[in-house]
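Participant: Given chain Z, put chain G in place with the hints provided.
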Amino acid sequence: MSQMPKPDTAELRAKYPGVFERPASARLAMPAMIALALAIFVYGLVDLDFSPSRLIAGIGQLGWITMLMIPPNPGASFPLYMQALGETLSIALLGTTLAALLALPVSLLAARNIIPSNLIRFPVRRFLDSIRGVDTLIWALVWINVVGLGPFAGVLAIMVSDFGAFGKLFSEAIEAADRKQVEGIRASGGNALHEIRFGLLPQVLPVIAGQVLYFIESNTRSATIIGIVGAGGIGLQLAEQIRVLEWQKVSFLILMILIAVAAIDFISSKLRFAIIGQRAVV
Amino acid sequence: MATAVSILPAQQLAVLEDAYRKAVARKRLRGALATAVFCVVLVVAAFGAEVNLRTLFTYFGNFVSYFDRILTLDSGARVWTDPAEWFWGWHKWLRMLGETILISYVGTLTGAVFAFALNFFAAQNTAPGPWVRFIVRRLLEFARTVPGIVFALIFVIAFGLGPMAGVLAIAIHTTGALGKLFAEIVENADMKPVEGIRSTGASWLSCMRFAILPQVSAGYASYALLRFEINVREASVMGFVGAGGIGQELVVAIRKFYYSDVSAILVTIIVTVFIIDISTGWLRGRLFGKETRR
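These protein sequences, in sequence, are chains Z and G. For the first sequence, the tail end lands on 282 under our numbering, and the numbers increase by one without skipping. For the second sequence, the tail end lands on 1294 under our numbering, and the numbers increase by one without skipping.
The following block holds chain Z by itself, in its conformation from the complex:
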């Protein structure tokens, strides 16, 4: 190291002042932001009644509950649970598919490169945003009011809330598509519909298919919870068993959900790779 020529720092400093002396605002921004984040965090802990004693007591309780959960045991209700699980998977699959079918045309309206005018795009986007702003559980409650208790309300709830998410994701996929293919189609005399069909869709369909598969995965999870408010599936059983403190059944149900989700995960990642090749999809 000692053989290295000593760099002329003074000269370098004069040449590149920005590298050596960052303005105070740039240096202090990061620590200031961290301090602010921590301050809000501490305020939150105080405001939300966090106290070490409650935390410790709760963790003790949780340990006790976990002990009671072992070993998982369905009792005599195993066939009932299997049926509920089938219901949940059906809800997820059906809800996601319907949502994707409904969202595809709407997402075209929300994409900047298809509809350049803000006049249509803006309301469509805000409409999709407001749908997404309402949680699936709330939609489930609303649909229960409409079609009654049961899995069908769950399908409709998943459909509506995914419709909002898909509309946004699809329109982003469309916006990210390459313009060149579209221009090529236009140059060879295709009309606007041709541009979408032959220029855009081949680019975005694999992305969309990947997203739909991913949502089927994640909706298997969502479909388990909408049962908690009465929209069918395994969540209904789970919520009931938690309320009556049947911990062995609870742990068995959680285990069932985990295995089902892992299986769906495996299948859909295989399918995804088959559709899009080895390219990863977010």
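Worth flagging that the hints you see were computed from the coordinates, not collected in a lab. Careful, some of the hints might be misleading.
Stated by the list, open to error - For each label pair, taking beta carbons as the anchor points, the in silico distance ranges come out as:
1. ARG1069(G) / ARG112(Z): 32 to 40 Å
2. LEU1056(G) / MET30(Z): 28 to 36 Å
3. ARG1078(G) / GLY75(Z): 51 to 59 Å
4. LEU68(Z) / ARG1286(G): 45 to 53 Å
5. ARG1069(G) / GLY60(Z): 43 to 51 Å
6. THR1055(G) / GLY190(Z): 39 to 47 Å
7. GLN1215(G) / LYS15(Z): 25 to 33 Å
8. LEU1033(G) / ARG112(Z): 30 to 38 Å
9. TRP64(Z) / LYS1092(G): 30 to 38 Å
10. ILE56(Z) / TRP1131(G): 29 to 37 Å
11. VAL1267(G) / ALA274(Z): 40 to 48 Å
12. ARG1069(G) / GLU240(Z): 24 to 32 Å
13. ALA1077(G) / MET30(Z): 46 to 54 Å
14. MET30(Z) / GLY1098(G): 20 to 28 Å
Stated by the list, open to error - Below, computed lysine-lysine pairings styled on BS3-like, alpha-carbon distance capped at 30 Å:
15. LYS1027(G) / LYS180(Z)
16. LYS168(Z) / LYS1180(G)
17. LYS1092(G) / LYS1256(G)
18. LYS1022(G) / LYS180(Z)
19. LYS1022(G) / LYS270(Z)
20. LYS1192(G) / LYS1180(G)
21. LYS1027(G) / LYS270(Z)
22. LYS1180(G) / LYS270(Z)
Said to hold, decoys possible - A few chain G residues that face chain Z, going by a derived Cβ cut-off under 7 Å, partial list only:
23. ALA1049
24. TYR1059
25. ASN1062
All C-beta atoms, glycine included, are put in the ideal place defined by N, C-alpha and C.
Facilitator: Frame of chain Z; chain G shown alone:
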């Protein structure tokens, strides 16, 4: 300027076209088969989920009229004609909304810290050993797969009613979700800086700190902000099971048919989610430029 397009002799062209048609036909057949299988699965699912189109058509009017009812005040007027009456409980609702946002903030930050601590052990390229990786991955998977509200249901029993159960449920779920995403970012990171630092004899910890972290921190913050957005939505329903936040008010309003309250609370939730969405989107744009925005 006209360019001559060379056309192949007919017999050569016929061979090529034939091959092209065959390839396309094979692809179409596969596409049709996949569609058929998918449709069959859908029909089976429809039976499983007790889908009844007649119910839907009979009661679809209810769906529309439900929105009609929640937009009507007790006096029979439309809600927007009398905002003071519509938002009569704004004082209480705003406080609950603040609590909701705090729940998701504290939960997200706690979850992000845990995810940060765990993700290097879960990523393929940085895990110190396959066993550690396997265990951490399964743990994250567990935290991610069990829905937040199920944790909330259990925590309400363990920790008592109130926002604390909601915060912990969100924190655990966030740990699982972010841990996976963070690990994926790390897996996509360039390993050359790690090799450079390891070649100087640095420990595993220094490798992570000086080679990986600078590459991935922007992605981390971006995902954490995105998660915060999602968690605000999640926290808004934590009240359904008694875990604090505005959900408590909402579920009471829905169950007891206080129609105009339902719409008022929904509007406040949607507006809040909008504001959070826009401000985190703006923040992400400011912090990391356009390219890391998702």
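Participant: Does each hint fit the structure? Answer for all of them.
Facilitator: Checked hints:
1. ARG1069(G) / ARG112(Z): 32 to 40 Å: Hint holds: Cβ distance 37 Å, inside 32 to 40 Å.
2. LEU1056(G) / MET30(Z): 28 to 36 Å: 54 Å, violated
3. ARG1078(G) / GLY75(Z): 51 to 59 Å: 52 Å, holds
4. LEU68(Z) / ARG1286(G): 45 to 53 Å: Cβ of LEU68(Z) to Cβ of ARG1286(G): about 49 Å, so the range 45 to 53 Å holds.
5. ARG1069(G) / GLY60(Z): 43 to 51 Å: 47 Å, holds
6. THR1055(G) / GLY190(Z): 39 to 47 Å: 43 Å, holds
7. GLN1215(G) / LYS15(Z): 25 to 33 Å: At 28 Å between Cβs, range holds.
8. LEU1033(G) / ARG112(Z): 30 to 38 Å: Check passed, 36 Å falls within 30 to 38 Å.
9. TRP64(Z) / LYS1092(G): 30 to 38 Å: 35 Å, holds
10. ILE56(Z) / TRP1131(G): 29 to 37 Å: 31 Å, holds
11. VAL1267(G) / ALA274(Z): 40 to 48 Å: 44 Å, holds
12. ARG1069(G) / GLU240(Z): 24 to 32 Å: Since the Cβ atoms of ARG1069(G) and GLU240(Z) sit about 30 Å apart, the hinted range of 24 to 32 Å holds.
13. ALA1077(G) / MET30(Z): 46 to 54 Å: Since ALA1077(G) and MET30(Z) have Cβ atoms about 52 Å apart, the given range 46 to 54 Å holds.
14. MET30(Z) / GLY1098(G): 20 to 28 Å: 27 Å, holds
15. LYS1027(G) / LYS180(Z): This hinted pair holds, its Cα atoms lying about 24 Å apart.
16. LYS168(Z) / LYS1180(G): 23 Å, holds
17. LYS1092(G) / LYS1256(G): OK: LYS1092(G) and LYS1256(G) at ~18 Å, within 30 Å.
18. LYS1022(G) / LYS180(Z): With Cα atoms ~28 Å apart, LYS1022(G) and LYS180(Z) stay inside 30 Å; holds.
19. LYS1022(G) / LYS270(Z): Holds - the C-alpha atoms of LYS270(Z) and LYS1022(G) are around 26 Å apart, at most 30 Å.
20. LYS1192(G) / LYS1180(G): OK: LYS1192(G) and LYS1180(G) at ~22 Å, within 30 Å.
21. LYS1027(G) / LYS270(Z): Since the Cα atoms of LYS1027(G) and LYS270(Z) sit roughly 19 Å apart, the hinted pair holds (cutoff 30 Å).
22. LYS1180(G) / LYS270(Z): Distance ~18 Å between LYS1180(G) and LYS270(Z) Cα, so the pair holds.
23. ALA1049: 4 Å, holds
24. TYR1059: Interface hint status for TYR1059(G): holds (5 Å vs cutoff 7 Å).
25. ASN1062: 4 Å, holds
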